Each structure stands twice: as structure tokens, then as C-alpha cells.
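Number of protein chains: 2
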Amino acid sequence: SRDPARHKHMSHDRCLYSNMVALSPVLVLTYLSYFHSAVLSFPLDQQSHDTSSCGYKVMPNMLNVHLVPHTHDDVGWLKTVDQYFYGGRNDIQHAGVQYILDSVVGQLLQNPERRFIYVETAFFYRWWKNQPPSMQKAVRQLVDQGRLEFVNGGWCMSDEATTHYSAVIDQMTLGLRFLNDTFGPCGRPRVAWHIDPFGHAREHASMFAQMGYDGFFFGRLDYQDRTNRIRTLEQELLWRASESLEPPYADLFTGILPNGYNPPKGFCWDQSCDDAPIMDDPDLEDYNVDDVVQRFAAAANSQAMAYKTKHIIMTMGSDFQYENANLWYKNLDKLIRYVNTRQANGSQINVLYSTPSCYLQELHRANLTWTLKTDDFFPYADDAHNFWTGYFTSRPALKRYERVSNGRLQTCNQLEVLGGPSSRKGPFGAGDSETLREAMAVAQHHDAVSGTEKQHVANDYARRLANGWQHCQVVVSNSLAALSGSSAGRIYCDNLNVSACPLTEASKKVTDIHAHSCTHAPVKTKIWIEEYFFNRVCVCVCVCVCQFVRATFDPATGLLDSLTNLETQQTIRLTQNFYWYNASDGKSSISDQASGAYIFRPNSSSPFIISCTAETESIQTPELQEVRQQFGPWVSQVIRLHSNSKALEMEWTVGPVPDPPRYHSPALSRLAGVTSWSHRKDFRPTWDLRQTEPVAGNYYPINSRAYIKDDKDQLTVVTDRSQGGSSIHDGSLEIMLHRRLLHDDWRGVGEPLNEMSGVFPLGLVVRGRLLLSLTPPALAADAHRPLAQENVLQPLLSFTEGGPPPGSLLEVCFSGLQAALPPAVHLLTLSQWGQDSLLIRLEHQFQTKESKEHSVPFTVNLQVYTQYTHICTWEPLGTHIHTLFPSQSIINLFMVYLIGKDSVILTPMQIRTFILRVAPRR
Amino acid sequence: SRDPARHKHMSHDRCLYSNMVALSPVLVLTYLSYFHSAVLSFPLDQQSHDTSSCGYKVMPNMLNVHLVPHTHDDVGWLKTVDQYFYGGRNDIQHAGVQYILDSVVGQLLQNPERRFIYVETAFFYRWWKNQPPSMQKAVRQLVDQGRLEFVNGGWCMSDEATTHYSAVIDQMTLGLRFLNDTFGPCGRPRVAWHIDPFGHAREHASMFAQMGYDGFFFGRLDYQDRTNRIRTLEQELLWRASESLEPPYADLFTGILPNGYNPPKGFCWDQSCDDAPIMDDPDLEDYNVDDVVQRFAAAANSQAMAYKTKHIIMTMGSDFQYENANLWYKNLDKLIRYVNTRQANGSQINVLYSTPSCYLQELHRANLTWTLKTDDFFPYADDAHNFWTGYFTSRPALKRYERVSNGRLQTCNQLEVLGGPSSRKGPFGAGDSETLREAMAVAQHHDAVSGTEKQHVANDYARRLANGWQHCQVVVSNSLAALSGSSAGRIYCDNLNVSACPLTEASKKVTDIHAHSCTHAPVKTKIWIEEYFFNRVCVCVCVCVCQFVRATFDPATGLLDSLTNLETQQTIRLTQNFYWYNASDGKSSISDQASGAYIFRPNSSSPFIISCTAETESIQTPELQEVRQQFGPWVSQVIRLHSNSKALEMEWTVGPVPDPPRYHSPALSRLAGVTSWSHRKDFRPTWDLRQTEPVAGNYYPINSRAYIKDDKDQLTVVTDRSQGGSSIHDGSLEIMLHRRLLHDDWRGVGEPLNEMSGVFPLGLVVRGRLLLSLTPPALAADAHRPLAQENVLQPLLSFTEGGPPPGSLLEVCFSGLQAALPPAVHLLTLSQWGQDSLLIRLEHQFQTKESKEHSVPFTVNLQVYTQYTHICTWEPLGTHIHTLFPSQSIINLFMVYLIGKDSVILTPMQIRTFILRVAPRR
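So the protein sequences, as listed, match chains A and B. Going from the first sequence to the numbering used here is simple: count from 1 and add 4. Going from the second sequence to the numbering used here is simple: count from 1 and add 4.
Don't take every hint at face value.
The list makes no distinction among identical chains, and a pair is therefore deemed to hold if it is satisfied within one copy or across any two copies.
Stated by the list, open to error - Lysine-lysine pairs mimicking DSBU-like chemistry, simulated, CA-CA at most 35 Å apart:
#  : residue 1 : residue 2
1  : Lys314    : Lys61
2  : Lys141    : Lys338
3  : Lys141    : Lys61
4  : Lys133    : Lys338
5  : Lys61     : Lys856
6  : Lys429    : Lys338
7  : Lys685    : Lys650
8  : Lys650    : Lys716
9  : Lys685    : Lys856
10 : Lys591    : Lys269
Hints in this document: simulated from the structure, not taken from any laboratory. Here the structure is a predicted model, which means the values were calculated and not measured.
Build out the structure end to end from the sequences listed, making use of the hints.
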């Protein structure tokens, strides 16, 4: 499985990009390109193997131990990101990132041998902007000399199970851009570094490979997997992270770190640790140099047994460590000195300060063959009864709010571009997209959208998103004013999910502007405010039917009974109901593991049913048909069919989960009728699984869709947020919707996941939507790809008081795109980059082979598509837009410079990014 | 009570001594002189009031807040001194002094405004010797510029209740000498700084005054006393610390710090604290500058209400703080900036980095009158039922071992001088006195000899003393070999207290060399080894009588009945017995305070008697008479009268204190028959006491003696170690001998004081001696002063195998003194200072008015007394000494240079110190 192209990944070409920037008048952000580095990079034979920036002396015949001083700084977890930065609320956890960076830089300056890596740009950025020029200069030198190396470099270290790839790309962009702007090529992270996320997604690895990282290191994987890999020396491997992208475009060297991300036992010299320092005054009672050297040799030799080369890596640091870096460095200096001194007496161990990229370079030089892996590292279990599969669903409301905010940010970005400079400062005041961009970036953290943070921190993330949206609202209002020529006040009813909107409630005449960030398929919807409230039809029906879909219900139970695709004339029997698992409370004799924010551990593999029957009522209007099911006081559902929809919508409402029985578990939705899904039960592709948790051990993250299928039928479920799910029984799919728990699960958060409603002392009520699509397998992607994209990037509604001007058109659609993109191609990002530049990202959203029509390369001529987005209105403002800014004219607002050529080929699953330099039209 | 001479104390004459050193060919260690600074100092009008080294800008009409960054580094407590230095055993307590000094120096170098004070030279010395020259140079600059200021400057911050003044002087010498040698005049501490000791002794203040300190600051005093002083604005005062020394020789400005030694509540920015940092990014949710400034102003104004001047001091630091000094300084920088910025808006608060000496200088400039105080600050209570009077006796065995070691050190010092260079390297190998000197210095710490450390730390102190003695044994052996010309092996039977000595047990013929460090009164004793074991006389007697003393016993009870001084023909009835207090276990409704290492709190004011009668047997030899009393399985006593003694010896043995009843308390010795002692019951000289603990609240430290007296009789008890005692009932004196406790008392040590025997899992057995002297009050001092001195500096015995050479004299006494000093004058110290210099300290050991004969000034001609010490042998080696080194010749070994003149006047209680430069005789 050895791949010669891997050489390109393994290269250590620190700072060789520096010339390229000067060559081109266009800013080529190579590590923002999301092209494989080899594409924009130089030929292999030009690569330098100079190790001078690594600053160490390798001993080829010895065991070389790469000590990597590092800190792991959660961008929020037990404390908010602000609290972590400043060191506030140290009563919760002692952690202050401002001090960490102060201290590390001071220590690096004291000894040129020392190295440090830093990861989370959200923190580094804050620190940097508070430094005087003299300190900034010193830090630049440290970076230029490779003494301070950035790894990963995104705004945060994102979660891999519950994030949407588009938001991850955005947060990586934010962090990497800062590093590039500040440090240039030497600030470029060469390795991805996900030491803490709780399982690892192939999709993330694919992104990292496309971003040009040389390698990827992480710390957590299934304990059985690790045991197996230790035995087979496969803790270092090659991850082929995409079936669609031609190798090596999604190939990534992947290293599993030996001790999670901690130092070996007995060698933690942080202020938060208690290990004995090196006491080297022979006059003292506690002199321990011989003991330390001996213990270190034992640890190094033991570790070397589990890896292939004469080089091993030791992560010398942990959570929020190095606040007083002197403790670490003083002892590491001594360790290196005393261990290496023994070489004169025949010791075969050589210790050195290093970094992941320097370590990677040495692995590369070893010229070995690495095993290939193509699947995920999910689910993650740290022991037999300890599956980290609960967080796939934990805090479902936050997960949804993060997803909604992502759509809002894209809308804001695009309207900021289209509205021009007055978007940021216009009739509605000063707005910006940065606030929401940063809030979204922070929310991607592996203790943010994952739901594994403390309650007050979850509240803080939500507050940041809400605040970000307030800033974006101004941009949107200003932009719409610029585009429409009308400065009429706009209302954004943020609480429409609970049908609360003062404007629409008070006024019957509302102008509804439907700003949509989705580019390839304008969605035409209409808000039937009046009908919704007054024309309710309360008759019981057993069939919902529209142009494309028919759903039938069992009149005896009120439950869904069958689903038919009227176009393809295929019908399946489909039952659906709600269940709940009773959570382990940690008092079992088998294991003391309780369910918690991270861990899912039902105390029985059989869930309890909420109710065998549902009380139903139905509503029919020309636009939609609804069947409303009530399963009990805390579970209800509306099954809805829009007249023009090809998918069946199931809007569930769960909560407040009642107190007794005391230990609650997920409510879940179960569908039955079709056969297998992609994850084989009780099976792992790369090792013989010993299954110890028949439910939790079969849960996987559902990021935006899941399906079960057989030869004839594929039932795809598109979710509106990240959730956990499984197919415990053949033909069934269960999706965990909500969680309420009364115990902590001992993974650090220190709180039971027991979310409360804001107003009442009751458990949180959560509402969400599943969209069901029934198709033949060959056509499934054609349906679910756009369906999921629409669900991720839902329209933003804004309202102005008063009816449409007399004589105006009822429906006006303005699109920022000159012409529709091919359905396979999605404008992933359009946002302002600099004053005279734009960031554009195009993605091919189909996998290879999943669609006859779409799983093919597409050529996009950017000259044609540079009218990138659209604004749809069904109300008269559109008229004015047409008058003032005919859509054809948008493109002429800018002088467009493309990199190289103006046509781009996109192959399945490819993402390509461009910076467009633009100039106002004269 | 204002004393003009106080001006001299208040001066801030930083580094003005620098010229003096150059003027004199003799090293004048002014701050080692133990002369009042005014004596060697310059006239008042030459004093500089330049504040440049204080580096701040005082605002005369504002409230000036002196922030004093500091760390309090116990020289052993929960961890050993080694562990504290390195940061080992951080599982017990996070503390690493090496890092503190690293960090503070780094931070001081970053901002010239910053200040720091350092106290414990035991730690600073270790750190210093590990620094490279570049760092030493940087630190010297900091010291020269007053940015790093030493305060106190002894090896440790000594305890004030349980230390002997001679050992305190030694430990201060050790620390101050290092500072002087290293930093010169700018390293001289100007203030004494006893922020933590648990009560304060007038004697300590007197020493500090004589050492030339400008002022004294401490943190702990009785809570009622503090309340009173806050009300009367008397937290700053003038302590007249001696009745004997003419003012202002023992006058010392004394400041009581406002918050113990901690920062005001809410302003602790150490890594060990949780107070909110200053969060000054207005973009952040947690921005708190306004809140911090407002809270600080409130704290400063509130503090200012309790002090007299426009200057207040705030101690910004605490135990082992500043390990990561950046946290402190970064926030203090901001605090100063933000608080002072408000002056533009009318704020009347001026904050500045300062030091105690700079603060003291401002107090001096205020030109106020301070209240005079003449008594102790004992006992210390931090609340109504929380008297810190238990530690007066805690760990009685350690207290004794420390006292024994003091004598050994003096012997070692003196023999090192007398034996010349071959003492350090001679026939018995290489020895030194430094090891024991440092061990003794460390043992003076307020959690060392005080008995308030953890058990493993107490073991470490003892181990250090034992190790120090091993080094000194070599010096002593070498010196005796040089003086006697015989290199016969010498045995020091260190376990003679339990009659264990392999040599004397195995051999009947032993040569006994009695090396005595006491200079004015050679004691002639004889070890009756054979008689002791074989000639025991077991008849019951009711009277012990010798030439000077008669003691009678009640034949019915076996208890002491009367004591007679045969010289003065005075007799008192004297009863004595043993009692125990039941300790509070913290479960009382009045207070949850348990007895512990610090706190004495009996659960009843009535102690329990061990036994009303004693089983007795008696022994009589020509040399001594003994009555042996057994009071029960764990309490016995030998009352002993030596034939030539004027004091009655009571050798008590207590332990193992049995388990049930579970909560044990001190055993105690109670004497009755005479009336009052110096401490009036339930009374404090400076405020109206509300007594809440009738026993513990009347306990005082007994350092070396206590007495009760009336017009006719004075009964003085000389102790062999520091103990606590009281006179609860008129005419009685009780002395706490031993303590065993099963609860911690919540003052930090975290262990019950439950000492175990080394071999058996039983409570520790402790043995000790009380010497009783009955005299008329007017003659008491004449008896107890030499008695106590002999008890402090007991003879050191060494043995060589084999009998005396045939024909040798049975008793040979060699004295290093050419002639006896006057009885009032004691050679406190004679030790090697440099290669060609000696340290000599003379003290007048009588108080004014206590002796007709001795309480008068004496003139000592050093030329006459420079043969300083004596060595007594009763065995033939002395012959050889006479032959080789006739005592008259000792003086001729050296050329003696005296400072100024060769005669010194010593007034009562005065201590004078000289450095003698000596040269080997040609």
C-alpha cells in the first residue's frame, strides 16, 4: 500500500514558500488553497532536507526521542473562551492562556534549543494583538527560526463528529489566515493536530489532506484498535480519506500519539502536575538524576517497541499547561542533558527538543511503507463500557443553533459582498461579519457544538452566536437597503421556531424578504402567516399526498404506515415511533460508567416505547398537509408534506424529559422497513471487534444524513443538525434526538447533562426536523445532496411592515448569480477577503459513482459565475432591485483577476478556493 | 512616648554604607554587628532622603498605597526544605522556590517599576549558586537599584517562642553574611519581617533592634489586640524591647500588617488563587476594569481608616507565591495603571510598587508619635477558642534535639578555631561546621523547632542535625587530635540519653574526654559508668541531701514534699505531680477547634491526675542521690541531686501516651508552694482581655527558665528545651511536657500531632530534665543564669578505648581561655569566619537590676580573653595537650586585630560582635 506520492506529504520545506509570495502580484495563500500542497508546490527534487530549523542532532543508530512541548487549550469547555484566555474563574479550573503564551515565549527566548508548538489561533490572536512591537518582533523571529511552530492553526481544534465541514473550513480559514498575514510562510502549520477530539472522521482527514498538511496526529482512538495497532506496529499509517478524490489528493500520513497527548508517566513537570522535578544537587537528600534517567530510558524503550522507526515522539504537555513554562523547560533541559550525557557510557538513547513536523520529517526519511486505512475512527471507546457516542446528540438545541448560525453567516458573507462597502456601514449603522465568523469558529471546538461543555459555557457559545448575528443583521439590512434602494426597517424574527414574532403577530400585512444563501437551487417558499393561524383544518386524514410523495398512516395507531415515491412508483412499509433508553447511573457491577455528556451507556439494550399509538389531527392547505401526532405529554411530531416537496418532513418535539424514572436517556426515532446501512453492526473494518456495548458500541455520528437501503429502495434521512444514530436491527434506523442525564460521566465536564428550559425549572424542550427521501439507490444522491444542502443553508427571513406597494410584482427573485451553477457544484463560500479581494470556494458536492448525472467532473467558468449568489424576494422590493441593480450588472461592479485561468475543473468531492482581487468599477 | 532617637531607625539610607567598607582594612559587617545601627552609623543630618531607589512618585495629598510583592517561603513545613526548593512532592503542596526566584527575577527585569522583597536566605543561597554569571550580574543590578530588596535576610524566618536566642543569632548571621558577601551594602535588609510566626517575643525585637534593623513588620497578633489597635490606630508602634538596654538600643518601630501577609480580599493574582484577573479588553463579555478599580478603592479606603498616615502597605503575595510571577505583575501593572488613571477624574488614591523599607521611610517622614509597647505579643489567639499555645511544647523530642545540637555546634565552632586548619582536614578525614550550622539555621524556622511541621519534615530536620553532627564530629576529632597530639579513635555516644553506647557497654576501660563549650564556668563531672550499672543501691529514702540542697519526700505518696536551700537556710513546701489534659476533638458546640500541633485547647480546664502516689526507689552513691518515681506505665521521674549541685534535677519520662481515652492532651508537671509568676493570669498589659480559654489563654512559652516567687522565695525552673507553661493557680507552675493528639487543628499542617516511636507502633517516649533552684529573689539570677547557660550548652562527651596511660593525671583540664571571663560575660560565639578571621560574640547575660553582683557593666579586655574556650579532660590525654600546646601558647597562634580598641564594655543584656582578623604565627 506504499504510495510514492506520499513523499510530498512528508517533506519538510519550512519557509520555502517565501519566494512565491514575492513572485506573484496576487496573494497566493497556499495553505488556504485547499488544494493538495503538491499541486501548487515545487517538484520533489527541489525539496530541502536541511534540518537546521529543527535544530537538533539526530543520532542515526540510536533511539531518537522527540520531545514536543505543547499545551492543549480548549476554546471553551469548563470555562468560556474569555475566561480561559484571561485566567478568570480559576476556581473552576486553573487555566489562563494569556499567561501561557507570555511564559512560553519568555522561555523560548532563553534557550535557542527549546521548541514549542501552538495550536489554537483563537487564543494566539488575542494574545498577539496585546503585545508591544518589540515582543511581536521577538515572536516573529522565533517563528522564522522554527522555535515556535504552529500546528493545526485553525481558530480552534474542531470536533469531528458534530461539525459541518463547511463551518470547519471557515474556522480553519480564519485561523490560518491570521497566521499567514502575521507570519508569512514560516507561520504555516505543516501538520494537523487533533489530539483531543473524541474519534476522527475520514471527512476531516480528507479536508486536512486537501489543505496541504503533511501529516495528522491525534491522541484518541478505540482502546481495542490501539491494542491491535501496538501489536502490529500500525500506530502510524496512511489514511486514504476519500473514495472520490484521486490519490494522493486525500491521502494523509496519520500518527497516533503514544500517551494521548500527555507526557509519559512520571515526566509531567507542569505546575498542574506533581511529578518529582529533576533534583541534581548531589548534596541534597533528594538527588534523583540517576533515577530519572533510568525511568526515562525505560519509558522510551517501551514506547519504541510499539513504533516502527528509530524515532519516537513524546508530547510533553497537556491541558492548559505551560502557564509557567519555566517548570517544564528547566526540567526538560536537564533531562536532555543528563540522558544524553549517558551516551558516553554506552546509552543508546538520544533526546532532543522537536516538533511534530520535525518528527514527521524523520519518519519520512525512514522511507518505510505505511498501512493504508480508508474508514473512520468512530466510534471511540476508551474501555469496554465507555463509548463516547453520547455527544453525537448532546445539547441538540445548541447543535441546531450552530447549524442555523452557519446559514446566517453565509448569508451575511454573501450580502456583505453584494451590497458593497455600505453593507458594513449603512443606513442601519455599522455591522460586520467578523463577530459571527469568530463565534462560529469558536463553536466548532470539540467541546462546543459537541455539547460536552459546562452549561454556562454552552450558554456563552449561544450568546456569542446571537451577538454575532446581531452584527450580521446590520450587514444584511444595509446590504438589502443598498441592493433594493429601500431603507425600510427590517425585522428578523429569530424566534420563529416557536412561532414568536412580534411583528407578524401584530400586523397582518408583512413584506417577507427571503434571503437565501444557497446558490444553485433557488427555493421558492411562502410564509402563510394568516392561513397558518386561522385556516387550520382539523379533520383526521390517513393519507398525505402531494405531487411527488404519498405517506399513509395506520388509522388504528395514528402512526406512519407507508411511504411512496410517486415519480418512481416505489412504496415501502415504514413505521416510526419514539423510544427512550434508561441511562446507566454508574452503579452497575459490570462497570461504574454512567451516561453523560460524552458517554452513551443505556442500562439495557432495549429502549422503552413512549406510546404505541399517537393521538393525531391533521391540517390541510393548498400549500401543505400536516399530520400532528401526540405521543405523550413530552413527545409530539408533525409529519408534513409541502406541495412542491419530494421529501417527507417529520418535525419532532421532545421535552421536557420528565424526572421519574430518574435516569433518563435519549428519546429516539426509529424507522423500519428497509435493510442495511453503511455501518455493519458489531463490526469494525480494521480489527476484530469484541463488542461490549451492543447499543452504544454501534452508534455513529449522523452529520447531515443517514440512509438504509437494499437493492431496490433507499430511504435517506436528512437531519437538521448533527445527531447520533444506529441501525441496531436490520432495516431499522434510530436517531437519538435528545438527552437528559442526572449523572456526570467522569470525563472532566463535571456536570450531568441536564439542560433546563430558560423560563421554567423544567427540562429543555427541543424541536427539530428530519426529511425523508425514498428513492432507488441510484437516484438517492440526486435527491439527498440538494436536500441536505438546503437544510444546512436555510433561508433567512426578514420582514418589513406594510404591504407591497400597489402594482408591484408578488414574487420577485433577484439572484447574485448570472446563471445557475451546475447542480453538482456548490458555492461553498463567498465572502469579503480584503478591501479589494474576495474569497470564493467552489465544491463538487457529489461523491464519485453516486449519481449518473452529477458524479462527473464539471468545468466552471468563473467569468460567467462571478455573480455569485442570489437574493429572492416575493415582494415588491425586488422591482427596485431590478431597477437599480440589474442582476447582470453585479459582475461589472468588480474587476476580476483569477489565478492562472478563469476556468476550473471540479471533480467529485473536490473543493477549490480562490482569492479574487476586485476593484470598484470606474 | 515619642523618642527622637527613633529617627535613626526610620532612615532610609540604602547603600550608603558602601564607602565604609572601603575605608577600613577590617571587614566591618555592620549588619552583623548586633550593635544598634546608630552606633556605627552616621549622624542624622547626613542621612539621605532621596527616594530614587524607591522608584515611585508619592502624591502627598492622596492616599498612597504601597504594594509590596512578596512570597512567604517556609524553610520546611508540609515539605522538607529540599522539596520546597526544588518543587518536589507537589502532591503535598504546590511549591517550588527555585521557580519562584527564576520567575520573579525574570519579571523584575521586564519592568523597572516592579519591586520584590525576598526573605529566606536558605533558599536564595541555593538558587544563587546555581545561576550563571550573567544572571548573577543581572540580579546584582536589581539589588543595587532597590528593585529586589532583601528583608529580614536570615537563613530562615525564625520562630519566636521555641528558639534559643543564640541559635537565632547564628541563623541570622548565616543569612546576612551571605547577603553581605554577595551584594555588599545594597543587600542589607533594613527591616525585620516576621509575617508568619505565631506570636512575637520582646527578646526577638530586642535582637532585631541591636542588629540595626530600621523596623519590624509582622502579621499575626491576638485578635482582640488587633481589634483594639485598629480602633486606637495603634497597629504601628514603637516597641521598647529591653528593660536593660538603654533606649533607643532596643527600640524598634513595629508595624502590624493589615491582612496578615496576604493581599486584600479579591486581589490575589497568584497561580494559587482564583480571583478574577483584570480583564481589560472592552470587546469581551468579562471586562471588569471598572469593577476592579472600584473594589480596590474600597479596600484601600477601608484600610486607611485603621492607620495613621496617608500611606498604607498591602502585602501582595502569600505562601510560596510568585512561582509564576507574571500572573501577579501583569495584573499589578494594570491595577496601578487603571487606578492611577482615575486621578485625572478626581480619584484620591495613588498606587505604587514599593517595599517595606520604602514604606517605612514614608512613615518616618510623617513625623508622628508612636505608642510605646514593652511586653510580648504572646500568647497569640486568632479567635476566642483558638490559642496558638500548643506549639510551645509540640514535638518535645525535636525541641530537645535542636537544643543539644546547638551545644554541639558551639563546641564544633570553638574546636575548629582552636585546632587550626587541621580541624577541617586531619587524621579523621574532612569535616566541617557548615553542615551543622546550616542544619541548625534551618531548624530555627517557625515550622521547625516549633513542632508544627509534618512528621516527615520533622524527621528531615532531625536527619539534617544528625548529619551536621557527623560532619562536626570529624572536626572535633581532628581538633582534639591536633590539641592532644593523639590520633586515637574517638567515639561520640549519641544515644547516651537511653544509656546506649556500644563502646561503654562493651568495654570497661574507657577514656572519657569532656569537651565543653561553655566558657565561664568549667563544669567538672564524671561519668560513673561502672557504678551506674553495678553499684545500684535500692533502699527507700525520704530525703535527698547534698552540700547545698535538701529535698524531702512524703513516704505515704512518694511525692516531693519540700525543698531547702541549705546555704540560705530557706525551705518551701513543694509538691509535684503529673497530670494530663483531655484535648478538644473539635466536636464541641462552642467551637469546632480541636487541639493540634499549633493549638492548645483542653476540653476541660481541669487536668486529670496520672496517679496520686508514686512507686519509688532510691539510689545513693557518693556522687549523687536519686529517687525514682513511677506514676504509671507511661509516666516516671527521677529526682536527682548531684553532690556538688545547687539545683534539684527532675528527669521526667513520659510516653507512650496511651490511646484510650482517645483524645490525649499534654502531660504536665505541676509544682506548688510559692506564689506569683511574671504573667498575671487572665491579663494582658495593653488591653482589657476577655478571657475565653482559661487554660490555653494563660499559656506562655518557657524558653529556658520560668519562676514563681514572693518576697522571700523564688523557685526557678530551668528547662532543657522550649516548653509551654502557665501558672493557672497562684503558687503553682505547670509545664507542658509532651503532647499526643488525634486531630488536626486546621492551621495547615494537615496531620494530627501523633508522634510514634521509631521501632514500635507506639506513641513516642520523651525524656527531659527540669532543674529547680530555690533562692531568695535577689539571688535568683546569680543561680539560674549560669544554670541555664550550662543547660543550653551541655558538655560533649567523647570516648576512646583503653585506660589512661600509666602515671597520667586522672583529671586534666585544658581551657582555651587564658583566664576566666567575668561570670556575667558569656562568650556567645567563637567560630571561624574566614581563612584568617574569627567571629567573636560576647554577651552580658544578666538583666539590669537582677543581680547585685552581676547586673553591672563589665569591661573585657579582648587581648586577655582571646584564649577563648576550654577543653577539659579528666583523662590523661590532657597531659599531651599540655606538652604540645600549653594553654598559654594558644593566643600566640594568632595575630589579633581588634576593631578600634581592645577593651569592650558590656552593659546588662548587651551582645557585642567582633570580627578578628588573625594570622598564623610565624
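Structure-based check of each hint:
no. : hint            : verdict
1   : Lys314 - Lys61  : within (14 Å within a copy, 61 Å between copies)
2   : Lys141 - Lys338 : both (29 Å within a copy, 23 Å between copies)
3   : Lys141 - Lys61  : both (27 Å within a copy, 32 Å between copies)
4   : Lys133 - Lys338 : both (34 Å within a copy, 16 Å between copies)
5   : Lys61 - Lys856  : neither (55 Å within a copy, 81 Å between copies)
6   : Lys429 - Lys338 : between (57 Å within a copy, 34 Å between copies)
7   : Lys685 - Lys650 : within (30 Å within a copy, 97 Å between copies)
8   : Lys650 - Lys716 : within (18 Å within a copy, 117 Å between copies)
9   : Lys685 - Lys856 : within (29 Å within a copy, 104 Å between copies)
10  : Lys591 - Lys269 : within (29 Å within a copy, 42 Å between copies)
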